[in-house]
Every structure is written in structure tokens, then in C-alpha cells.
Amino acid sequence: MSARMPPQRNVVTQSLAQIGACGLFLLTLLAAIPRSFRYLRETIRQLWFVGAMSLTIIMVCGLFVGMVLMLQLYHVLSIFGGTSASGMVVALSVYRELGPVVTALLFAGRAGTSITAEIGLMRATDQIDAMEMMAVDPIAYVATPRFLAGLIAMPLLCCVFCAMAIFGGHLVGVTWLGIDNGTFWANMTAVVDVHTDIVNGVLFKSLAFGAVVSLIAVFQGFTTPPTSEGVAYATTRTVVASSIAILALDFVLTAFLM
Amino acid sequence: MSQPRSSYAVGTGLFIVLGFAALAYLATQTSSVANVHQGDSYTVEAKFTNIGQLKERAPVKIAGVRVGQVQSIALAPGSDVADVKLSIDKHYDHIPQDSVATIFTSGLLGDQYVGIDYGTAKQVVAAGGTLSRTKSSEPLEEMLGKFFGAGGVVDNVGGSYTVKADFTNVGTLSVGAPVKMAGVVIGRVQSVRADPVKLNAQVVLAIDERYNRIPDDSAAAVFTSGLIGSQYVAIQPGGSPDVLKNGDEMILTQSAMQLEDLIGKFLVNGSPGDKKDAGDSKK
Amino acid sequence: MIDPVDTAPADSTLVRIRGLTTVLSGKTIFDALEMDIPRGKVTAIMGPSGTGKTTLLKHITGQMRADAGSIEVDGRRVADLSRQQLYKLREGIGYLFQNSALLTDFSVFENVAFPLRQHTKLPEVLIRNLVLLKLQAVGLRGAAGLMPSELSGGMARRVALARAIVFDPMLILYDEPFVGLDPVALNQVLKLIRTLNQTLGITSVLVAHELEAIKQVADHIFLIANGKVVAQGDPKTIANDGSPWTRQFFGGEADGPVPFQYPAGDYAQALGFAGAAK
Numbered sequence: 001m002s003a004r005m006p007p008q009r010n011v012v013t014q015s016l017a018q019i020g021a022c023g024l025f026l027l028t029l030l031a032a033i034p035r036s037f038r039y040l041r042e043t044i045r046q047l048w049f050v051g052a053m054s055l056t057i058i059m060v061c062g063l064f065v066g067m068v069l070m071l072q073l074y075h076v077l078s079i080f081g082g083t084s085a086s087g088m089v090v091a092l093s094v095y096r097e098l099g100p101v102v103t104a105l106l107f108a109g110r111a112g113t114s115i116t117a118e119i120g121l122m123r124a125t126d127q128i129d130a131m132e133m134m135a136v137d138p139i140a141y142v143a144t145p146r147f148l149a150g151l152i153a154m155p156l157l158c159c160v161f162c163a164m165a166i167f168g169g170h171l172v173g174v175t176w177l178g179i180d181n182g183t184f185w186a187n188m189t190a191v192v193d194v195h196t197d198i199v200n201g202v203l204f205k206s207l208a209f210g211a212v213v214s215l216i217a218v219f220q221g222f223t224t225p226p227t228s229e230g231v232a233y234a235t236t237r238t239v240v241a242s243s244i245a246i247l248a249l250d251f252v253l254t255a256f257l258m
Numbered sequence: 001m002s003q004p005r006s007s008y009a010v011g012t013g014l015f016i017v018l019g020f021a022a023l024a025y026l027a028t029q030t031s032s033v034a035n036v037h038q039g040d041s042y043t044v045e046a047k048f049t050n051i052g053q054l055k056e057r058a059p060v061k062i063a064g065v066r067v068g069q070v071q072s073i074a075l076a077p078g079s080d081v082a083d084v085k086l087s088i089d090k091h092y093d094h095i096p097q098d099s100v101a102t103i104f105t106s107g108l109l110g111d112q113y114v115g116i117d118y119g120t121a122k123q124v125v126a127a128g129g130t131l132s133r134t135k136s137s138e139p140l141e142e143m144l145g146k147f148f149g150a151g152g153v154v155d156n157v158g159g160s161y162t163v164k165a166d167f168t169n170v171g172t173l174s175v176g177a178p179v180k181m182a183g184v185v186i187g188r189v190q191s192v193r194a195d196p197v198k199l200n201a202q203v204v205l206a207i208d209e210r211y212n213r214i215p216d217d218s219a220a221a222v223f224t225s226g227l228i229g230s231q232y233v234a235i236q237p238g239g240s241p242d243v244l245k246n247g248d249e250m251i252l253t254q255s256a257m258q259l260e261d262l263i264g265k266f267l268v269n270g271s272p273g274d275k276k277d278a279g280d281s282k283k
Numbered sequence: 001m002i003d004p005v006d007t008a009p010a011d012s013t014l015v016r017i018r019g020l021t022t023v024l025s026g027k028t029i030f031d032a033l034e035m036d037i038p039r040g041k042v043t044a045i046m047g048p049s050g051t052g053k054t055t056l057l058k059h060i061t062g063q064m065r066a067d068a069g070s071i072e073v074d075g076r077r078v079a080d081l082s083r084q085q086l087y088k089l090r091e092g093i094g095y096l097f098q099n100s101a102l103l104t105d106f107s108v109f110e111n112v113a114f115p116l117r118q119h120t121k122l123p124e125v126l127i128r129n130l131v132l133l134k135l136q137a138v139g140l141r142g143a144a145g146l147m148p149s150e151l152s153g154g155m156a157r158r159v160a161l162a163r164a165i166v167f168d169p170m171l172i173l174y175d176e177p178f179v180g181l182d183p184v185a186l187n188q189v190l191k192l193i194r195t196l197n198q199t200l201g202i203t204s205v206l207v208a209h210e211l212e213a214i215k216q217v218a219d220h221i222f223l224i225a226n227g228k229v230v231a232q233g234d235p236k237t238i239a240n241d242g243s244p245w246t247r248q249f250f251g252g253e254a255d256g257p258v259p260f261q262y263p264a265g266d267y268a269q270a271l272g273f274a275g276a277a278k
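Protein chains in written order, with my numbering: chain E, 1 to 258; chain Z, 1 to 283; chain X, 1 to 278.
Just so you know, the hints here were simulated from the structure itself, not pulled from any lab data.
Heads up, some of the hints might be wrong.
To be verified - Here are some, though not all, of the chain E residues that point toward chain Z, as calculated from beta-carbon distances under 8 Å:
1. A91
2. L92
3. V202
All residues carry an ideal CB built from backbone N, CA and C; glycine is no exception.
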């Protein structure tokens with residue numbers, strides 16, 4: 001009944017309406033945080049699904065990103081005879097950009113879509129209504145725990161990603177290409193700064209991305225028409241909207257933080 | 001019945017532990033925690049004529065070991081030297097008063113740091129004291145600094161006076177090239193010509209009248225700005241009470257070095273600053 | 001929990017609907033609907049598809065708000081309740097969804113235990129006993145360890161029923177409880193509805209189409225069409241009512257007051273024979 005087509009509007013007003021609705025939804029989510037404290041177990045369960053279950057893909061991708069980055073840098077820097085700096089450049093580029101951004105994109109694809117699809121299907125199969133009927137607030141029980149889980153999981157996943165990327169870089173650079181082990185670490189430790197690179201780069205950025213991705217995923221799940229077609233569209237929209245939001249936000253954050 | 005719940009909890013707990021372990025790894029193994037950790041420290045002042053690319057929070061090292069960091073960099077109005085405050089760990093409170101503070105570059109692409117070479121004096125620098133003997137950014141380091149992003153200084157020469165300087169080799173120095181002191185443009189090369197008698201190059205430098213108190217035993221050297229940049233004349237002030245006047249000749253000169261030599265040496269040997277540092281500490 | 005015995009003598013009507021009017025995206029669903037659902041009885045609501053029978057149930061539980069009119073459940077006006085009061089009221093209402101709506105993440109046991117875990121701090125042993133008691137009542141104690149995906153449609157519906165009655169509600173709303181069930185499962189559900197009503201005195205409201213099944217179980221039938229109650233009474237009287245609505249509905253005629261054709265323009269014109277017709 002409510003799945004009636006909205007009046008035809010152009011892309012700009014439609015996007016604005018989506019962003020506005022998303023913002024209002026965020027307020028609802030935040031307002032439900034105190035009520036969702038009693039569902040702490042649910043939050044932990046979601047942390048398992050969005051966080052722990054994403055570990056494999058994050059670790060494998062981190063490893064390969066570090067490896068390929070090192071390979072590319074080695075070839076470019078060998079022109080200037082600066083291969084000893086490649087470990088440091090791997091660390092800086094991973095901490096400041098690649099780590100948070102790639103982790104967030106993977107997170108949107110792996111966890112964001114599953115959140116959207118799960119909530120969409122819960123709506124399609126009346127599970128959300130059933131919760132309402134059992135006097136359980138679906139926002140506090142379904143939406144907020146997933147949002148919080150995403151918020152907590154992203155920085156942790158990003159740390160794992162970065163560690164794996166460094167490991168991959170080390171593997172290629174030191175073990176394969178023969179950069180001196182001491183030089184690799186020394187150049188890295190000399191330049192990587194805990195405040196700018198790890199706190200601002202890794203942690204803060206990934207926290208912001210985690211909030212955006214999980215908000216979009218939960219929002220799409222809750223607002224999609226409860227049909228199989230609607231769920232399919234919402235899942236796609238989660239990936240598209242998350243990717244755009246991550247990259248745009250990355251630019252803004254970089255401009256402000258660096 | 002709560003079997004599935006507790007297994008989630010264990011798995012999630014493992015995930016969180018792994019995440020924090022990764023964070024700890026990043027923070028301790030790939031960066032020096034000392035960069036933020038600052039124990040009890042005392043402050044020492046040092047004045048540099050040219051700080052190059054030195055930044056706040058850059059490390060201060062003795063014999064290559066980190067002992068503190070740069071607290072602040074300031075240029076007092078009316079002064080031509082940078083006032084750098086070094087915050088040094090309390091453990092290292094026996095720095096002789098005649099120790100030399102030098103600005104080095106760590107590695108090819110590395111940031112600059114302040115190295116302290118111990119002197120021989122019995123007195124030590126007290127908190128709030130000054131290290132009077134300093135060495136500024138070295139030419140090659142400065143040169144590389146320029147190559148990696150320092151902008152050129154806009155020339156604003158008003159009235160000027162000329163001095164002469166003889167070089168055995170001016171490289172590709174051309175008329176109009178800048179004359180710099182402490183890295184700042186103070187004038188222009190007015191003419192470059194070969195002396196038919198002395199068989200060397202005679203260069204006439206036009207220097208801004210504002211800089212009319214350059215000691216007459218100052219040295220002039222031909223340097224290159226950047227690996228592929230143009231050459232310029234650098235003036236290193238001497239200590240004489242007499243100043244250069246219009247038409248004077250500068251006695252101490254250093255000619256252009258072969259760029260190929262420099263780069264070859266650099267890439268083979270690493271930073272000459274580090275080299276010298278290590279050599280000094282061995283003595 | 002609300003004990004129906006305390007208040008029952010005072011008012012024999014549990015749900016009182018007065019002048020209910022609802023318009024959804026331009027379509028009038030209810031037009032000044034009036035309905036009294038008696039306490040302790042099995043009431044069936046019938047009507048053509050799309051007349052908003054499910055919507056009516058959602059109005060009773062406060063999931064949807066009416067544009068005009070009032071609904072009183074056990075003497076409380078649903079529209080006036082705050083969120084917390086509404087949730088309090090819902091703890092006294094069981095709702096059986098058309099597609100069972102079991103939580104797919106949880107086992108059968110956890111599904112039935114879900115409302116208990118959310119609203120009480122009962123010890124695990126007590127929860128276990130309560131859940132097994134309800135599962136025994138629907139005959140599925142042996143399926144406690146299964147996941148919802150492993151259940152047949154009829155079993156899932158019985159689990160959902162066990163979940164709906166775990167709080168011993170005063171009112172159960174059944175939304176299409178017979179759809180898609182084989183005759184055996186249908187009779188099992190039918191028996192459960194009857195038993196629950198008789199042994200626990202739970203007021204039951206059924207939304208269904210299956211005439212034969214309803215005749216066996218219902219004490220009172222409402223026939224809704226065009227947003228109004230067009231006929232009501234016990235199964236015997238309503239069948240002999242004689243109005244065109246009941247004739248079509250109970251006689252199963254294809255055309256009648258409920259048109260076979262969805263409203264459309266002139267047929268000949270749509271086929272392009274407009275000129276030829278003249």
C-alpha cells in the first residue's frame with residue numbers, strides 16, 4: 001500500500017530528499033541509543049556479523065594492497081635510487097588514505113549490503129512488524145545495534161587492514177625485492193607519526209566512514225519497499241551511496257585533518 | 001540454550017582483541033611512540049641562520065639517538081636568525097655548553113632534525129640556556145629541500161651595491177641568477193665574464209642596499225637549487241668587523257661542483273650530514 | 001499482564017470501533033466503520049481481498065493511525081496512548097502474522113522465548129519451562145531446536161502461535177491463519193484456535209477467507225466491503241442473511257456487488273472500436 005510510486009521528481013530533489021530522510025533517520029537512531037543499551041547482546045551479535053565475519057576479506061585485501069603498493073613503489077623509486085623509502089611510503093599511503101578508504105569500501109560491500117538485505121527481508125517477512133507487536137522497538141533492537149556495531153567494527157577492521165598491508169609490503173619489499181630489513185622499519189618509524197597518521201588517519205577516518213556506511217545500510221534497509229525487487233534495489237543503492245559518500249567524505253576529512 | 005549467544009560473544013571478543021592488537025602493532029612497530037611520548041624535559045635555545053625544512057616536533061638527536069624534539073620555531077622581528085627552542089629529555093642534562101647544534105636531514109626523503117655534537121666544555125647547558133654554536137641547513141641538504149617543494153623567493157631588489165668575486169668554475173651560472181644569504185635572495189648576478197689575465201671567472205654581484213653589513217671576509221659559493229635547477233651564488237657571512245662596500249672583492253669563494261659528482265656521492269653514500277655526524281661521534 | 005477475568009463482567013465488548021475512517025494514498029479503506037468485538041469469543045472478519053482486513057488489525061494494535069474515529073481496546077483508546085502505554089497494551093495482544101514472521105536468526109525455542117527475554121528478567125529455568133509449555137500446547141516441543149528455515153508452513157504458523165500466546169494475552173489477532181496450509185495442518189491450527197479460546201478464555205479475532213473453516217470455529221462473523229460492515233451475525237444467520245453481499249461471498253459467485261472487472265474505461269473504446277460502435 002505504501003509502496004506506491006512517489007511523484008516523479010528530478011534526480012537532484014530526489015537525492016536531497018534521500019539525504020534529508022537519512023539525516024532524520026540518524027536522529028532517530030541516536031535517540032534510540034539509550035533504549036538499545038538493554039539489547040547489548042544484540043549489539044555484540046551484530047559486531048560478530050559485521051566485524052568478525054568481515055575479517056577474512058579485510059585481511060586478504062590488506063595483504064594484497066600492501067604487496068602491490070610495494071611492488072609499484074619499488075619500480076618507481078628505483079629510478080631515483082630511493083627504494084629504501086618505499087616502506088615508509090607504503091606506511092604513509094596506507095595509513096592516510098588506502099587503509100580507511102579501501103576498508104570502508106569493502107565494508108560497504110561485505111557488511112553494508114548484508115545489513116540492508118537482512119533488514120529489508122525482515123521487513124518483507126513481517127519480522128519488523130512482529131517485533132512492534134511484541135512490544136520490542138525495532139529501531140532500538142534492529143537498527144541501532146547494527147549502526148553501533150558498524151561504528152565499532154570499522155576502526156578495528158581498518159587497523160587489521162593496515163597491519164596486513166604493512167606485512168604485505170614487508171613481504172614483497174624485504175623478502176622478495178631485497179630491501180634491507182632495518183632500513184625498511186627505520187625509515188617507517190622515523191616518519192610515521194602517531195597523531196597525524198594513526199589517530200587522525202587510521203582511527204578517525206575509519207570511524208567516520210563506519211558511521212556513514214552503517215547509517216546508509218540501515219537506512220536503506222528500513223526504507224526500502226518490502227518486496228524482493230525493493231530489497232535488491234536497496235542493496236545496490238547501499239553500495240553506490242556508500243562509495244560516493246566515503247570518497248567525498250574522505251576528501252573533506254583530508255582537507256580538514258592534514 | 002544460550003550456546004549460540006556465548007559463541008558469538010567469544011568470537012566478537014577475539015575480533016576486538018585482534019583489532020586492538022593490530023592498532024598496538026601500528027602504533028608501536030611502525031611509528032616511534034616516542035614521537036608523542038614526552039617525559040620530563042628541559043628547554044634549550046639555539047639560533048640558526050637557516051632552518052631549511054625543519055618543523056616543530058622534529059626530533060633532536062645526539063649521536064643519532066633521539067633525545068627530544070623541536071618545541072617551537074620563531075623568527076624575532078628585526079632579527080635575521082631563527083630562534084629554535086629544543087625540548088630535551090631530563091636524562092640528557094649533561095650537554096656541554098660549547099656543543100654544536102646542526103640541522104640534518106634523515107634520509108633522502110626524510111624530515112629534517114637537529115643533531116647535537118658534544119663539545120668539550122666543563123659547563124653544561126642549563127634549562128632555558130642557549131646553544132650558541134649552531135650549523136644551519138647544509139647546502140646540499142638545502143638543495144634537496146628545494147627540489148622537494150620549497151618555493152623560490154621573490155626578488156625585490158631596490159637600490160644596490162656591487163661586489164666582485166672570482167671563481168675557478170661558475171658552472172652554468174648566468175647573469176640575473178639570484179644571490180642568496182641564509183637561503184634568502186638578497187641580490188642578483190650582474191655580470192659573468194672570464195678574466196683574461198687570471199684565467200678564471202669574474203662575477204659581479206649586485207646586492208640590495210638593505211644588506212649593507214655583510215662582513216668583508218664572507219665567502220661566496222656557487223650552488224645549484226635543486227637537482228635540475230638553476231645555479232645561484234650563496235654568501236656565507238664571515239666574522240670580520242669590517243663590512244663589504246661597493247666595488248669590494250670577495251676573497252673566499254667556492255666554485256660550482258660537478259652535479260654528477262654530488263648525486264653520485266649522495267646516492268651511493270647516503271646523506272652526507274649523517275656521514276659527518278657518524279664520523280664526528282667516532283672521534 | 002492483563003487478566004481478562006478481572007474486567008470481563010464490566011464490559012462484554014473487548015474491542016470497540018466507532019466511526020473509523022482511513023484514507024491511504026487517496027483510497028478510502030474504511031468509511032465510518034463500526035464494530036464491536038465481544039470478549040471471550042472467536043470473531044471472524046471476512047471480506048473481499050483488498051478491503052483492508054489486515055489494515056484493520058493494524059489499527060487495533062496501534063501500528064497504523066486512523067484519520068477519524070476511535071478504537072477502544074479493553075477500555076483504552078488506542079490513539080491516545082503514549083509509546084510506552086501502547087507497548088504495554090501490545091504485551092496483552094498476541095498477533096499471528098500471515099507468513100508467521102518468525103525471527104530467522106533464532107531457533108524455534110529462542111523465537112518463543114523472545115518476548116519473555118525482552119520484557120522479563122525471569123530465570124533461565126523458568127523461561128525454559130514456559131517456552132516448552134507453550135510449544136507442547138502447539139505440539140511442537142520436539143522441534144524446539146530447529147531453525148525457522150527447517151519448518152514447514154504449518155509448523156511455522158504453530159510456532160508463531162506459541163510465541164503469540166507466551167504472555168497469556170487477552171486478545172489474539174490471527175491474520176489469514178489458514179492460507180497455504182494443507183488440510184491436516186489447517187485442522188491442527190483450527191483445533192488450536194478453538195482450544196486456546198475455550199481453555200484460556202482468550203478473545204480471538206480471525207481474518208480469513210476459508211468459509212468452511214470459519215463456520216467451524218467462529219462465534220460471530222463480520223463481513224466487510226467498501227469500508228463498511230455489510231453483514232454480521234453468527235455463522236448460521238449470516239449465511240441466510242439474503243443480502244447480495246452475503247449471497248456472493250458465501251455462494252462464491254464470480255460477479256455481484258464485488259465486481260469481476262476492476263474499474264476501467266469503456267471496453268470498446270480501449271480496443272479501438274469506438275468508431276465502429278457508433
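Interface hint compliance - A91 (chain E) to chain Z, C-beta minimum distance less than 8 Å: Holds: closest Cβ of chain Z sits about 5 Å from A91 (chain E), inside 8 Å.
Hint validity - V202 (chain E) Cβ closer than 8 Å to any chain Z Cβ: holds, 7 Å
Interface hint for L92 (chain E), Cβ within 8 Å of any Cβ on chain Z: violated, 10 Å
Checked against the numbered hints above, the structure breaks only hint 2 and satisfies the rest.
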